[in-house]
Amino acid sequence: MFLLRIFRLVGILLAVSFATFSMVSLLPGDTVDSVLGANASQADRLQARHDLHLDQALPIRYGHWLADAVQGDLGRSYRTRQPVVEALGQRVGVTLELVLLSQFLALALAVPMAVLSAIRPGSWFDRLFNGAQLAMLATPGFLVALALFTVFSVKLGWFATAGFVPFSDSPFGNVKSLLLPSIALALEQVAMYSRVLRADLITTLDENYIWTARAKGLTNSQIVRRHALRPSSLGLVTLAGVTMGRMIGGTVLVEYIFALPGLGRFTIDAINNRDFIALQGAVVVLTVGFVVVNMFVDVLHRVLDPRIRIA
Amino acid sequence: MNHGATARHAADSTPIIEGVERRRFGVAVWSSIIWIGLVSLAAVLAGVLPLYDPSDTRAGIPLSVPTSRNWLGTDELGRDLLSRTIYGARVSLVVGLSAVLLSTVVGGMLGLMAGFYRKRFESITLFFADVLLAFPSLLLAVSIVAFSNSRGVATVVMAIALLYLGPTVRIVRALTLSTANREFVTAAEALGATPRRIIFRELMPNVMPALLSMAMVAVAGAMIAEGGLAYLNLSVAPPSPTWGAMMAAGKAKVDRSLYPVLVPAGAMFLTVLAITLIGDYIQGHQQRGGGAI
Numbered sequence: 001m002f003l004l005r006i007f008r009l010v011g012i013l014l015a016v017s018f019a020t021f022s023m024v025s026l027l028p029g030d031t032v033d034s035v036l037g038a039n040a041s042q043a044d045r046l047q048a049r050h051d052l053h054l055d056q057a058l059p060i061r062y063g064h065w066l067a068d069a070v071q072g073d074l075g076r077s078y079r080t081r082q083p084v085v086e087a088l089g090q091r092v093g094v095t096l097e098l099v100l101l102s103q104f105l106a107l108a109l110a111v112p113m114a115v116l117s118a119i120r121p122g123s124w125f126d127r128l129f130n131g132a133q134l135a136m137l138a139t140p141g142f143l144v145a146l147a148l149f150t151v152f153s154v155k156l157g158w159f160a161t162a163g164f165v166p167f168s169d170s171p172f173g174n175v176k177s178l179l180l181p182s183i184a185l186a187l188e189q190v191a192m193y194s195r196v197l198r199a200d201l202i203t204t205l206d207e208n209y210i211w212t213a214r215a216k217g218l219t220n221s222q223i224v225r226r227h228a229l230r231p232s233s234l235g236l237v238t239l240a241g242v243t244m245g246r247m248i249g250g251t252v253l254v255e256y257i258f259a260l261p262g263l264g265r266f267t268i269d270a271i272n273n274r275d276f277i278a279l280q281g282a283v284v285v286l287t288v289g290f291v292v293v294n295m296f297v298d299v300l301h302r303v304l305d306p307r308i309r310i311a
Numbered sequence: 312m313n314h315g316a317t318a319r320h321a322a323d324s325t326p327i328i329e330g331v332e333r334r335r336f337g338v339a340v341w342s343s344i345i346w347i348g349l350v351s352l353a354a355v356l357a358g359v360l361p362l363y364d365p366s367d368t369r370a371g372i373p374l375s376v377p378t379s380r381n382w383l384g385t386d387e388l389g390r391d392l393l394s395r396t397i398y399g400a401r402v403s404l405v406v407g408l409s410a411v412l413l414s415t416v417v418g419g420m421l422g423l424m425a426g427f428y429r430k431r432f433e434s435i436t437l438f439f440a441d442v443l444l445a446f447p448s449l450l451l452a453v454s455i456v457a458f459s460n461s462r463g464v465a466t467v468v469m470a471i472a473l474l475y476l477g478p479t480v481r482i483v484r485a486l487t488l489s490t491a492n493r494e495f496v497t498a499a500e501a502l503g504a505t506p507r508r509i510i511f512r513e514l515m516p517n518v519m520p521a522l523l524s525m526a527m528v529a530v531a532g533a534m535i536a537e538g539g540l541a542y543l544n545l546s547v548a549p550p551s552p553t554w555g556a557m558m559a560a561g562k563a564k565v566d567r568s569l570y571p572v573l574v575p576a577g578a579m580f581l582t583v584l585a586i587t588l589i590g591d592y593i594q595g596h597q598q599r600g601g602g603a604i
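One line per chain: the protein sequences are A and B, in this order.
Residue numbering for the first sequence follows my numbering, starting at 1 and increasing by one per position.
Residue numbering for the second sequence follows my numbering, starting at 312 and increasing by one per position.
Next comes chain B alone, as it looks inside the complex (with noise of 0.2 angstroms):
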């Protein structure tokens, strides 16, 4: 079906810009994918890499520039800022994917039930949906980890999954509505399924490749969140290096040296453009074979 569509489209419109969009979106959405790859790889194989240690402070002369002992230069403390980067993108990863799939899974679950339901249990989940979204974004984030007083990765992951919940049960319920009216739901219905078969095997199919692509945004956005968390010093406690907290201290110190807020800064930048990319391209073709679904 969805190939049919995608062939029709492409006969409709002119070929050569067709082909010129591909060929451009193309670099850019393979260039994206070996960075994440790149990075995912080098954040889980941390431990095995002949990295230095990331608390090492005898890595290397404090804030050095790049040399062959240490090839991205060093922090204020002589620890090596290619070891501190590369450990800074687990805890970047681990969050921003986390935080969605838990925002994304509950989210999704409640905004599937409020859409279905409808009734008391809609009214009060969207109260509390729309409780969470009267928070200011960060400073919700910034509130829970301050006065939860601890700086787990849990708590953190816990701060910015709250953020996306409000918005995936709001747009997750209104997907639901407008396919709990089809047809084929109604038949579901007629033949006697249960509301737990028309909820799973009706109306998730049809919210999921929404619900996707925006879940890879939101990582985007959680990665930002943690960065920023982490900047104000409220993200993953040290030991463990984050990239805001990183920047944080590179900061204080940019007179003498870039490198301590310019490589952490260039990983984040990096990675959160590669998935907003990615992101952009999913969604532009979901947009295209969009009317075949």
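Next comes chain A alone, as it looks inside the complex (with noise of 0.2 angstroms):
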């Protein structure tokens, strides 16, 4: 059964960079002039057809960059020469960063949401969760990146209009860099992240178990700790597993705004200045981290409920 897993995944994996690969192929007009300008010798143009083995059919083409790519080498970028591998990798922490951070903050607000909403179902606070949340899911997370940025960046000027301060240069200014990137990363979590951690709870404070807790004269806040949230973050965990695959992809536009030199930023960059062996790489990078984490997601989840590995 896991075999046939991984199996399947190696073929997804297969059939998502041959996609990748093909797409650039099919573009229209001449890669070489996109890479080279119209103006290159007939020499150089040669030479270029051949080091992108352009000379060559698409499967044939797709053979040598798989050979190549699995050993861990995915070209050089035609703009600046630098290898893919480690431009990605000079990038991937900045996004690494944000996901995690975002993460934090989109849980730190939300399970306390979930608890106070779950503890009394249909009450004020409850009622003004499902309102905020509502709005929260129908804001999409780079209209909140604008409106952070118009306040606290341009009018307040609270916060750097750009630029990425790294952690070893200074961890304060790190973190204040990439702390608005983050909540408006992590607004766009809080709604979904909260109806199921509160859905759950729900029903777990409605077991047998709890009422004992209750009936032992427990508190609110001591059955919450330490009976009711651990079996009812099941469905909370597997989400924000699958959220921070899915986000791999999704800081583009916050990267973008904020101008974080992030994956998503490169892919941009690759994109407006027409480096297609760098935009390659880029979307199979990222597509496999998609689909490795997606994965993985399914496993921790197995390992967490019982049920699940039985079935």
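Since the hints were made in silico from the structure, they are not lab data.
For every residue, glycine included, the Cβ atom is placed at its ideal position computed from N, Cα and C.
Among these hints, one or two may not hold up.
Chain B regions said to be covered by chain A (calculated; three or more residues, Cβ under 8 angstroms) [unchecked claim]:
{"hint": "1", "stretch": "403 to 412"}
{"hint": "2", "stretch": "564 to 570"}
{"hint": "3", "stretch": "574 to 586"}
Put the complex together from the two separate chains, hints included.
Next up, the structure:
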């Protein structure tokens, strides 16, 4: 069963990388022109054609590319001459930090909201949170990002309008440069997280052992912390995992708005520079990362919930 | 049938709470419907309405605040923001609706067939759905528009429709599977109904309600996706104004005037919120009436 999953996963990865690869080849116009410009000499053009394997058929080219790719060579950017793997390596940290910080913020907001709602379903704060969550669900992250940027970076000037501070330079500056984009990304998740946890908590809080705990005279906060939260967290853990996977490609807009040198920004720059080798590498790496994270979440889910393991 | 179940449900629960809930929802849903109606009407009638040309740079002083001449202000080139936002609604609505329509029809059909015929057709369809699902969402649309090198409405619609194709196929297939096991389908088969008849007359009506309410939510998502693409300059090309492109252009000048960002962002926020509220309402009703079907 597990082997079958791996087999299927490899199939999907191959199909995804081939689809990406073909898309580049289906481009109208000559790739060499967009790489070298229209004024290049004939010899340079032929050399470039050969370097890019453009003189060969598509499946063979894909074979070459795949053989290089599995050895960790995604080619060199035609624009900067930097190896694509190295360029991606420099940027992956920013995106990862962004994803982790935003997940931390999202959970820090969602868990208390869900607990307060679940203790008294239908109360005024449950309804208030429900309304707020509906609004959050309907607000695209990049609108929040734009609003935060406008208010806090431009109008109030509390944050820089562009740029990223590496953690090694200044830990405080690092968090500060990522705070607004993380909030924008987090608000998109809060509603979903909180709704899932609330629903699970309400179910758990009706279990017999919770009534026993109540009968023992435990307070609501003790019941939630000691007995209810853990068995109810499964749905949330899964959702958070899936979301983190999805965010690998979902930080593009926010990185773009806040001018952060992450993977998303790299992808858009590659598109704007018509740097196809870099673009192809970036898309494949992001997609592979996404698929692998999803697979990992699936496995984690099985570990957490014994019922699924048996089935 | 449906009516009886709803009435019984109302009798079961406390009448006061039921009434309060209905009235609260009523206002939100009604204002949503009115807003969507207004936006659609303005988008359809944009050519007839007494608006400035959306590309006219002499509509007002650049970056002006709302005045009696330019009701919502002007952008950095002196173009009228109200006019540009209304013309932008055309792109947003057309792309949002047609992308979801395309993915719902194609994905719905594939999902129904996969759930009914099973076997090889099912595994091949699901494999392609999984490949589509394997791309991080916005990245797929970004790559398609970037790679196809065209900025036509059709390209953007295709790119966004592909985002929803995978999930639609998967959900419709799952719904079909659970329906295909029920007695009335077996009865139809025993009576000698053709596969086509079973798919269209027995399975489809049972899959439809869930599919439609999903499509409703997807329209909001598709409009957000279009906005994102447009913000990255990867949606319908200028001169047609799009909300996303307006925001991107406005962001550069946001220190001097808020309106070029605020107006399209507000239009998008309200429209997406309205669609989400209506979708939420429909879904809530379906869950309540679900037992009666």
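So, going through the hints one by one against the coordinates:
no. : hint       : in the structure
1   : 403 to 412 : violated (count 0)
2   : 564 to 570 : holds (count 3)
3   : 574 to 586 : holds (count 6)
In this structure, only the earlier hint numbered 1 is contradicted, and the remaining ones agree with it.
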